[in-house]
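Colleague: So you can see what is in the structure, the chains are spelled out below.
Number of protein chains: 2
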Amino acid sequence: MFDGLTREAVVARERELAARFEAQLEAGLALDLTRGKPGPEQVALSDGLDDVLGGDYRLDDGTDVRNYGGLTGIPEARRLGAELLGVRPDEVIAGGNSSLTLMYEYVLNAWLNGPLGEETAWRREPGPLKFLCLVPGYDRHFRITESLGFELVNVRIGDGGPDMDRIEALVAGDPGIKGIWCVPKYSNPTGHVYSDEVVERFARLARRAGPHFRILWDNAYAVHDLDDDPPVLANVMDRCRAAGTEDSVVLFASTSKITRAGAGVSFAAASPANLAAFTKHLGVQTIGPDKVNQLRHVRFLRDAGGVRALMRRHAAIVRPKFELVRRHLEDGLGAEGLGSWTNPRGGYFLSFETPPGLASRVVALAAKAGVKLTPAGATFPCGRDPDDTNIRIAPTYPSLDEIDRAMPVFVNAAALAAARRWLESGTVSV
Amino acid sequence: MFDGLTREAVVARERELAARFEAQLEAGLALDLTRGKPGPEQVALSDGLDDVLGGDYRLDDGTDVRNYGGLTGIPEARRLGAELLGVRPDEVIAGGNSSLTLMYEYVLNAWLNGPLGEETAWRREPGPLKFLCLVPGYDRHFRITESLGFELVNVRIGDGGPDMDRIEALVAGDPGIKGIWCVPKYSNPTGHVYSDEVVERFARLARRAGPHFRILWDNAYAVHDLDDDPPVLANVMDRCRAAGTEDSVVLFASTSKITRAGAGVSFAAASPANLAAFTKHLGVQTIGPDKVNQLRHVRFLRDAGGVRALMRRHAAIVRPKFELVRRHLEDGLGAEGLGSWTNPRGGYFLSFETPPGLASRVVALAAKAGVKLTPAGATFPCGRDPDDTNIRIAPTYPSLDEIDRAMPVFVNAAALAAARRWLESGTVSV
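Top line first, the protein sequences correspond to chains A and B. Under numbering that gives the first Met the number 0, the first sequence has 250 at position 251, and the numbering climbs by one with no breaks. Under numbering that gives the first Met the number 0, the second sequence has 250 at position 251, and the numbering climbs by one with no breaks.
Just so you know, the hints here were simulated from the structure itself, not pulled from any lab data. A portion of the hints provided could be inaccurate.
No copy is singled out in the list; a pair is fine if it fits within one copy or between any two copies.
Dumping the calculated DSSO-like pairs for lysine-lysine here, alpha-carbon to alpha-carbon at most 27 Å [claimed, not checked]:
1. Lys367 with Lys129
2. Lys279 with Lys371
3. Lys129 with Lys279
4. Lys367 with Lys279
5. Lys320 with Lys371
6. Lys371 with Lys129
7. Lys320 with Lys279
8. Lys129 with Lys320
9. Lys320 with Lys367
Let the sequences and hints guide you as you build the complete structure.
Modeller: Right under this line is the structure:
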């Protein structure tokens, strides 16, 4: 970065960037690139949910969804979840409006009551309990295990998935590591998709790990493809079955980013043994999920084909936003190499890497100029990015026009931070 | 019971009852008096929920309920919950479809993270943790505290509420008692309503109890009156405020038995300090409740007046069912005094007391003749009724015709069990 430039040239560049920054301050923008939320046009795609029941509240088996019962969700919704997650319907629970809640409850139950009964409870183990966190990753995953007292261990993710050599070595060396958080397709925030080899190695991971190790496979973006010819994620449950490790994986998904954010249906999938212990725990705290909303979803989405058709409509809205973000990054930063970024083929985020130690500075500069970014570090356990390089960009919620006004601020902030670092220390990288 | 009868007379009576029992066996009934569920006509009263949005998803403050956000529920729903529970809107959380889940999460958080922060966590206390359970009571309450390892202590409930002398003595003598489960109005299953004096003594209870004692005030039947001139429950939060104990009570309610069972909106209410700690816990596991369903409810119910009008329509359906149950009990058992029962003025249950040691026998006889009753003991912690006398009767779900066919079986079973006990031991009471 700024390779081969003289100090005078970098001084001139810094002045130019600072002048543009001053002009941006004047403009008084108030834009937001933080929110991993669908845009207004996206949620409107599912307004049909409200007409779809038409006064018919009966399931195929005669159940009236307006009354109590059905702890594991309606059979129709479990079938839909099975299609989405690539498992059998009897391996699926259809839950309430939040897959995050199912994840919390799964981890809580494994810790408190045991993933397979009382004698397997994680909290009964002698040593300190640990959980592997792929970074950069999803802060809400990390916070669940943090809140229950787990020590969090970072492992880097890259193209094709995480560093499996390191993961295998870690779990083999420490039986206190009870599990790992994964977003296997369009990983939040990098957009990486796990390769077939990585999925296969995950399926065999429990053989090396301590007792009752669990892979939490949050397939949040299973169908959230931007391209017509999307990457295909290998089926982890099939591979676990083949490896005899089907108790080691628990899958999650929801329709929050298919129909309505925070008002959809969630799914958890696991082996029958896992599911039986988990359902017993759920039965202590609820009589069952909202079956009316599950029926709405099944009638509206119909099946995996219906979901795919809806997701093509989402893609038509979202893809131009990702493309616009990328164009600004390439035009503004590509030539000088002032940062790198991922090019996801789906999901809700892309991930930007500043030179070491600059992410929080870039975020602060952009904030001054009226563009809110996800706080630097937010994609790491406890909010601490050891290299201070990662910035998560969420293109879905703002309009194209808002992106077109926000990205020049981001690009200028990234370049300005780099130029100032160069002038301070004679280099940008550490 | 059978007072003054000769042995011959009771033998004759037993034969008559046994003959009727044989005839009932022949009839091959399959009826169910176990389910504390609204009947089909009741849930149909709220079918308007599905038309009420009419494509308008905006709150008064402009929020789009189809997208993420709003951990404590929409302001409109919090206001409705505040009216129902007699508290301020800022003291209310509007949650998902299950108040039982809010109760579980409240107790879990108090145990795990502390009701008012880390240093108040119940699990850090040295002695064994205990919880008071009013009996007969609601098994799902008891199971929550049982599942978290609490020792459960029974206290009897009667007309006007529980035995407050005993409760005050217990909490004063044992700081390990962390709380008490209450259903203050139309208590499940007896239908008792707490008197003003009992509410006042609850408001002062924390002064005698150990640290961070909590009264879990499940006002599940706050508006579920059968009469036009219903009993009025004193406002516990107002009285706690006056006594300076507002941190000691947490209130719960839901619309499950107002609109749709298992597809309504739940509420928790507590002091701002309690609520802040609880909300922090909820924020680990969800981005928020289903706001679309909350908005449906607010538009459909409007306010407390709208709720009351709807509840009059429920009462018109439910009251004849309670009356029919009572008529059968009075006609069949009243003259001989073969049992006693409560006469609730609201709620979902009535409670029947057999002579000591006969409840499970009555339930077994009725089951043989095709009438399913809630298992004897189900209204006690761990399913153990020390006197084996209590049977819960749920009149709401079966039709009038079904009640009219089921109750003679129940009545006959109660009398037959008593006659056989008299013949075995020369007396019915122990």
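Colleague: Hint by hint, say whether it matches the structure.
Modeller: Hints, verified against the model:
For a Cα distance limit of 27 Å, the shortest separation of Lys367 from Lys129 qualifies neither inside one copy, at 38 Å, nor across copies, at 54 Å. In the homo-oligomer, the alpha carbons of Lys279 and Lys371 lie at most 27 Å apart only across protomers (24 Å), although the nearest pairing inside one protomer, at 43 Å, exceeds that limit. Both within a single protomer and between protomers do Lys129 and Lys279 lie at most 27 Å apart by alpha-carbon distance, with minima of 25 Å and 23 Å respectively. For the identical chains of this complex, Lys367 and Lys279 are neighbours neither inside a copy (51 Å) nor across copies (29 Å), given an alpha-carbon limit of 27 Å.
Taking CA atoms no more than 27 Å apart as the test, Lys320 paired with Lys371 passes inside one copy only; the shortest distance there is 17 Å, against 60 Å between copies. In this assembly of identical chains, the alpha carbons of Lys371 and Lys129 never lie at most 27 Å apart, being 33 Å within a copy and 49 Å across copies at closest. Within a single copy, Lys320 and Lys279 get their C-alpha atoms no closer than 44 Å, and across copies no closer than 33 Å, so neither meets the 27 Å cut-off. Taking identical chains as interchangeable, the C-alpha atoms of Lys129 and Lys320 are never at most 27 Å apart, the minima being 38 Å within one chain and 56 Å between chains.
Taking the shortest alpha-carbon separations for Lys320 and Lys367, only the intra-copy value of 23 Å comes in at or below 27 Å, while the best inter-copy value is 67 Å.
This entry does not satisfy hints 1, 4, 6, 7, 8, going by the numbered hints stated previously.
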